[in-house]
Amino acid sequence: MSELTTDTSPSPSGVSGELSEKKFTPGALFRSVRTGAPVAPFLLYVTLGLLIPTVAIINLAFRSNSGKLTWANITTILAPGKMTDGIMIGGQFRAGFENSLKLALVTAIIPGILGTFIAYAIATSKHEPFKRITSACSGVLAQFGGVNLAFMFIAALNATTGVVTKWLSKIGLDPWNHGFNLYKFWGVAFVYMYFQLPLMILIITPAFAGLQESWREAAGGLGASSWRYWRHVGIPVLAPAVLGSMFLLFGSGFSAYATAEALTGGTIAITPIQIGSILNGNVLSGQTHIGYALGFAMIVILLISVVFYALLRRRTSRWLR
Amino acid sequence: MASLELGQVLEHDHFMEEYSRGSEGLSWWRRVHWGRGVALFLAAAYFIIPFYAAMQFSLANKYGQFSLQPLTQIADAPQFLSALWLSTELAVATMVIVMGLMVPTMIYVHLRMPRFRRVMEVITILPIVIPPIVLIVGVDGVTPSWLKASQWLLALVYVVLAMPYVYRALDAGLGALDLKTLVEASRSLGSGWANTIWRVLVPNLRSALMSASVLTLALVFGEFTIASLDGWQTVPVWIYLAPTDDPRINTLVAMMALLGTCLVLTVIVSLDRSKNRNSRRS
Chain A
1 MSELTTDTSP SPSGVSGELS EKKFTPGALF RSVRTGAPVA PFLLYVTLGL LIPTVAIINL
61 AFRSNSGKLT WANITTILAP GKMTDGIMIG GQFRAGFENS LKLALVTAII PGILGTFIAY
121 AIATSKHEPF KRITSACSGV LAQFGGVNLA FMFIAALNAT TGVVTKWLSK IGLDPWNHGF
181 NLYKFWGVAF VYMYFQLPLM ILIITPAFAG LQESWREAAG GLGASSWRYW RHVGIPVLAP
241 AVLGSMFLLF GSGFSAYATA EALTGGTIAI TPIQIGSILN GNVLSGQTHI GYALGFAMIV
301 ILLISVVFYA LLRRRTSRWL R
Chain B
1 MASLELGQVL EHDHFMEEYS RGSEGLSWWR RVHWGRGVAL FLAAAYFIIP FYAAMQFSLA
61 NKYGQFSLQP LTQIADAPQF LSALWLSTEL AVATMVIVMG LMVPTMIYVH LRMPRFRRVM
121 EVITILPIVI PPIVLIVGVD GVTPSWLKAS QWLLALVYVV LAMPYVYRAL DAGLGALDLK
181 TLVEASRSLG SGWANTIWRV LVPNLRSALM SASVLTLALV FGEFTIASLD GWQTVPVWIY
241 LAPTDDPRIN TLVAMMALLG TCLVLTVIVS LDRSKNRNSR RS
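As given, the protein sequences belong to chains A and B, one line each in that order. For the first sequence, the working numbering begins at 1 and goes up steadily by one. For the second sequence, the working numbering begins at 1 and goes up steadily by one.
Errors might be hidden in some of the hints.
Claimed, not checked - Derived contacts from chain B toward chain A, CB cut-off under 7 Å, selection only:
(1) Ala39
(2) Leu101
(3) Val139
(4) Val142
(5) Leu229
(6) Pro236
(7) Tyr240
(8) Thr261
(9) Leu265
Stated by the list, open to error - Beta-carbon label-pair distances, calculated as ranges:
(10) Thr72/B with Trp167/A: 19 to 29 Å
(11) Pro114/B with Leu51/A: 18 to 28 Å
(12) Ser64/A with Leu42/B: 46 to 56 Å
Just so you know, these hints were derived from the structure itself, not from any lab. Note that CB positions come from ideal geometry on N, CA and C, so glycine has one too.
If we strip away everything but chain B, and leave its shape as in the complex, we get (with noise of 0.2 Å):
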């Protein structure tokens, strides 16, 4: 109660000092704002500029003009489609390994082994200790050749370059969940394990598993050390080899690619919080 009372006396003098000092206090202000300005005019030039440039290279024709015919000749570039089709399987077959091997061991740990979970964050520092050049190193060193000469090796090494990412994304949305409620009403009601991850826990965890899917998806569509130094043409070692003589249609693709991942997590970010905020609302 005497803390309270102090409370409200320094905030009374506060108030006074406050008013007292309003000139100074409101300068102050102005300089931070104007601060602010500068720097995030200054970031946006240094980040816009460049984008802007990229693109004004590669949107033109053969005088310079804009033009937006380039766009309909990444289709027709030698080997662009076999890159996107491999590019593509890989996603698509990182992405099942991944969450086949995730979603259900997070559910478990999430339940019944919550202490596992320290061991499980390692697994998202250690990306930064052996990055893409150091484990391919590595990797090469021990896989069997019959494995080397397949495709499906990449995405073998995708599946543990996405784990950092999964893990995050669905230890919040398991965090989220009052997953012991759900499993024991689940289980209660007669169904296996089985069905109450399918229809119990996957809808709940909708959110945290596309989050998952497309920061995987955009790592597979990204990555290019592993992909290039196992000699495959993904579409990112398809833009650096060039196999075409127009450069603008490398960095069009390039460029598409930037703007494409961002547009879609922009997008799954925004669908996130409006989802919270209307949960929180009810």
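Chain A extracted, bound-state conformation (with noise of 0.2 Å):
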């Protein structure tokens, strides 16, 4: 059978023997080689897109502007500002941190709770198109809404010529008046929302498939209430399904750039706009090495997040088939 599909080269099965039982002969290394050969396209582009710009960022966080090694980009994007005469000195790059991780944080718990339910609302519907338009949908804001998202929310909720704003106003109940500002941080955590959630409901959805109807049937045929199904099956098989999802949410969040750009107009101070302005030029000169180190710290937490991602994911595997 082998020798019709494949004049030369062995089967695929023989190859990954030799590969699991380590036998590397020159012979069975030039076949694992040229086994290999036709992946080396995707490999060298993924080394030279993705793997040697990360490299590089992670050896430039750590440079001085001659080439030395040192600490000092770290310990400057982390230090405190210092109050001197009434004015705050340094400390904007740690400000934008625990902005950033704020804001990550607020808009992975509050979609991620919400999104839960309206996926749960969405999955159990009997009715296909609107399934299918949802989930469309869902992708679309999730995954491409970035400054369109930010220009629809100023339509609307601009500070009185908004639309919802005139709206609300005309019953008295203008959002300005009440301490809403749409380009402080609750307004750009609520514009987040507009992506967060439907990204929750994309990655939650799968989860309620594997949640399994002869579950619920034999819970309740054991004489359990729903309240208890949910108490005791429901919920702790899907809690780290729901929670991983944060996860993701989180990196999400704590990494969007262009919504955030296109309604403050980067005034607001957070890591990804103030990376924006380092490469645009909008500091002073010399700074490029922070824009490295602020990057290898993204990267820092960003992976963090995404192996608490996958260890719940593992974990949500094992029930949800």
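Hints in hand, dock the two standalone chains.
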């Protein structure tokens, strides 16, 4: 059979067998190299486009302008500001970091919880076209919204001129008179939820498919009320999936740039915006290495959240197949 | 056998119990339906109100009345067409490169190196760890200046961003095929590899390739971070920089982009589903 498909190269099972036994005779090595050769362009592209830039960030984050190894960039971005003559000096990067973490946390937890309920409501719907439209639109909003969302919310909720602002002020509830500001922290968080909520719906929906009907029947058969079913079966099974998804939302909120930039014109102090203004040259010269250090710090945070996501997902997949 | 009987007994008990608690069970269901209605209604309000508001804002004449006239002004808006052209060029280039790279690699991996899928899966998680705002810092740090001056650098970076979407779409498509049989049949009938890919596999992978292309398209047309930081005026950058004195036009373009992508993706998803259902029936 294998002669028929491949004249000279060995069958895949043969190669993997040799690899796992680690018998690297010259012939086997040659064969495994030849088997692997067709994926070389892909690996080369990933190396050039992803690996080398990442290594460069990590390397340059620890270099001074003259190229010497240093911790100075890292300590600069983590240093708290000092009050001198009533003026805060430095510390803007640390503040940006704290704002970013806060924003990511808020827009992971609230949409994470609400999104679970909405996703459940959609998943249990019997209306197929409705499911299709919501899944397609969730994908668009979660992944490709960016600048468009910012413009949508400016049109809707800008001070006095926003369409929704006008509606609300007619009934005496102008949100801007009640401490709301679209261009400050909570305004940005409100807009972020517009892509975080669909993202949650997108990634938590498969988990409901794994929640088997027979479990509910079994629980009901043993006399459990609906509450007891959720308390002892549904919630424990879903909890890792929900928590894992929240880590992914955290990463998405932490690294979003387009929406915040377009919404606030770069005035909100969060890490991605600060990286952007360094790249745009809007800061003191000689700070390019600070940009690398900020990029490195973001990678560290995102790596941690992805590791938690992966661990929780492994736990989830034990139940939800 | 014993367990089956036990199951039947339990089922009977369950039935009896349900019967006796009938009214309570019913009220619970009513509560759930009610809760679901509220959840869906609030979600719909949150998503539709700003959308409707932005449409009302942009589709209006000078006096604030509804008008379709702004639609006709889009094409005349300064620099819009050149932004649209740049985005189109980048989308085509990205699509050609990412497909040329991923389709043969994925077919080969599915056929010969199934273990390598583990390695490829890593790329689906990397864009979360290295998001565009971080990637561009590294890319700017290592790219030679002649390439930095070229618009095609964007396409090369977009290929990296598109890889996860293309990977997922193709992986699902290839997983649903009996790849080995198709390839063996084609090869034993004497066709070469290129012919097998082009005339046997590509037609079978049509819907996977289509969704991969549409996702790539949506990505390139929506990408703002890298384009703006490298100073290229693609459509999203045009929307933001607003070289027009009329904010309605920018908002309208933004809304059209969102709506258009939603529509196209819904159609793709529907085609995919109906095709699957037909094949299951036959």
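How the hints compare with the structure:
Interface hint status for alanine 39/B: upheld, as the beta-carbon distance to the closest one in chain A is roughly 5 Å, under 7 Å. For leucine 101/B, the shortest C-beta to C-beta distance to chain A is roughly 6 Å, which falls under 7 Å, so the interface hint holds. Hint status for valine 139/B: holds, given a least beta-carbon distance of 5 Å to chain A, under 7 Å. Using the Cβ-Cβ criterion of 7 Å, the hint placing valine 142/B at the interface with chain A is satisfied: the shortest such distance is roughly 5 Å.
About 5 Å separates the beta-carbon of leucine 229/B from the nearest beta-carbon of chain A, less than 7 Å, and the hint is met. A hinted interface residue such as proline 236/B counts as satisfied when its beta carbon comes closer than 7 Å to some beta carbon of chain A; here the least separation is about 4 Å, so the hint holds. For tyrosine 240/B, the shortest C-beta to C-beta distance to chain A is roughly 5 Å, which falls under 7 Å, so the interface hint holds. Against a cut-off of 7 Å between C-beta atoms, the interface hint on threonine 261/B holds, since the closest Cβ of chain A lies about 5 Å away.
Hint status for leucine 265/B relative to chain A: holds, with the closest Cβ pair at about 4 Å, below 7 Å. The hinted window of 19 to 29 Å between threonine 72/B and tryptophan 167/A holds, with their beta carbons roughly 28 Å apart. The hinted range of 18 to 28 Å is satisfied by proline 114/B and leucine 51/A, whose Cβ atoms lie roughly 23 Å apart. Between serine 64/A and leucine 42/B the CB atoms are about 53 Å apart, so this pair conforms to the stated range of 46 to 56 Å.
The earlier numbered hints are all upheld by this structure, with none contradicted.
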